[in-house]
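Using UniProt numbering, read the sequence shown as starting at 1 and increasing by one per residue.
Bear in mind the hints are in silico, worked out from the structure with no lab data behind them.
Hints are not guaranteed to be accurate.
Within a straight-line C-alpha distance of at most 25 angstroms, the following computed BS3-like cross-link-like pairs (lysine-lysine) qualify [stated by the list, open to error]:
id, residue 1, residue 2
1, Lys31, Lys84
2, Lys90, Lys132
3, Lys10, Lys31
Okay, the calculated beta carbon distance ranges per label pair [to be verified]:
id, residue 1, residue 2, range
4, Asp165, Ala40, 24 to 30 angstroms
5, Ala26, Lys132, 40 to 46 angstroms
6, Val46, Pro86, 14 to 20 angstroms
7, Trp37, Lys126, 26 to 32 angstroms
8, Phe4, Lys115, 46 to 52 angstroms
Where a beta carbon is used, it is the ideal one built from N, C-alpha and C, also for glycine.
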Amino acid sequence: MTLFALEGTKALAEALPIIVNHPHDADARSKAQYGAWLCAMCLGSVGMALHHKLCHTLGGSFNLPHAETHTIVLPHAIAYNAPKIPEVMKQLAGVLPGSDGDAIKGLNVLLAKLKVKRGLKEFGMKEEDVDKAAEIAVSNPYWNPREIEKGPLRETIRRCWAGEDAKADL
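Sequences are here, hints too, so could you generate the full structure?
Okay, here's the thing in structure tokens:
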């Protein structure tokens with residue numbers, strides 16, 4: 001599954017910026033479809049960790065849009081887990097254009113190229129909801145490569161709310 005995930009991520013990271021600027025580019029759209037298929041094939045074979053849990057907490061509790069919430073949370077959830085998955089981070093950096101060997105930087109660069117909204121506040125989440133979201137997210141334990149700690153998780157959610165670049169410093 002690692003090969004599918006890496007190849008799928010690479011295809012999406014290469015194709016999506018082209019599609020933003022040239023929406024009718026058939027080759028880029030085909031490459032994006034290929035990447036999406038590869039990544040989707042992984043979903044049935046992996047555990048759902050922090051990213052999935054946060055997105056369901058945020059979407060379900062605060063009525064945030066599904067795809068946009070996933071887009072915003074992904075780099076932050078990966079940054080949260082980065083200290084516990086150094087080999088995965090190295091592999092991910094290798095398939096993200098503009099990463100310079102840093103997967104988090106590569107994800108931030110990609111989202112900037114895609115010109116997407118980066119803050120949950122842009123979709124109606126209020127700053128005072130950050131604490132409630134952290135409480136909900138830690139209330140049911142779930143598998144994650146790094147222990148879920150309320151303080152760092154709250155800061156992760158705050159960064160998602162504010163639209164800040166992801167950083168692996170918590």
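Against the structure, the hints:
no. : hint                                : result
1   : Lys31 to Lys84                      : violated (31 angstroms)
2   : Lys90 to Lys132                     : violated (33 angstroms)
3   : Lys10 to Lys31                      : holds (10 angstroms)
4   : Asp165 to Ala40: 24 to 30 angstroms : holds (27 angstroms)
5   : Ala26 to Lys132: 40 to 46 angstroms : holds (45 angstroms)
6   : Val46 to Pro86: 14 to 20 angstroms  : holds (18 angstroms)
7   : Trp37 to Lys126: 26 to 32 angstroms : violated (37 angstroms)
8   : Phe4 to Lys115: 46 to 52 angstroms  : violated (28 angstroms)
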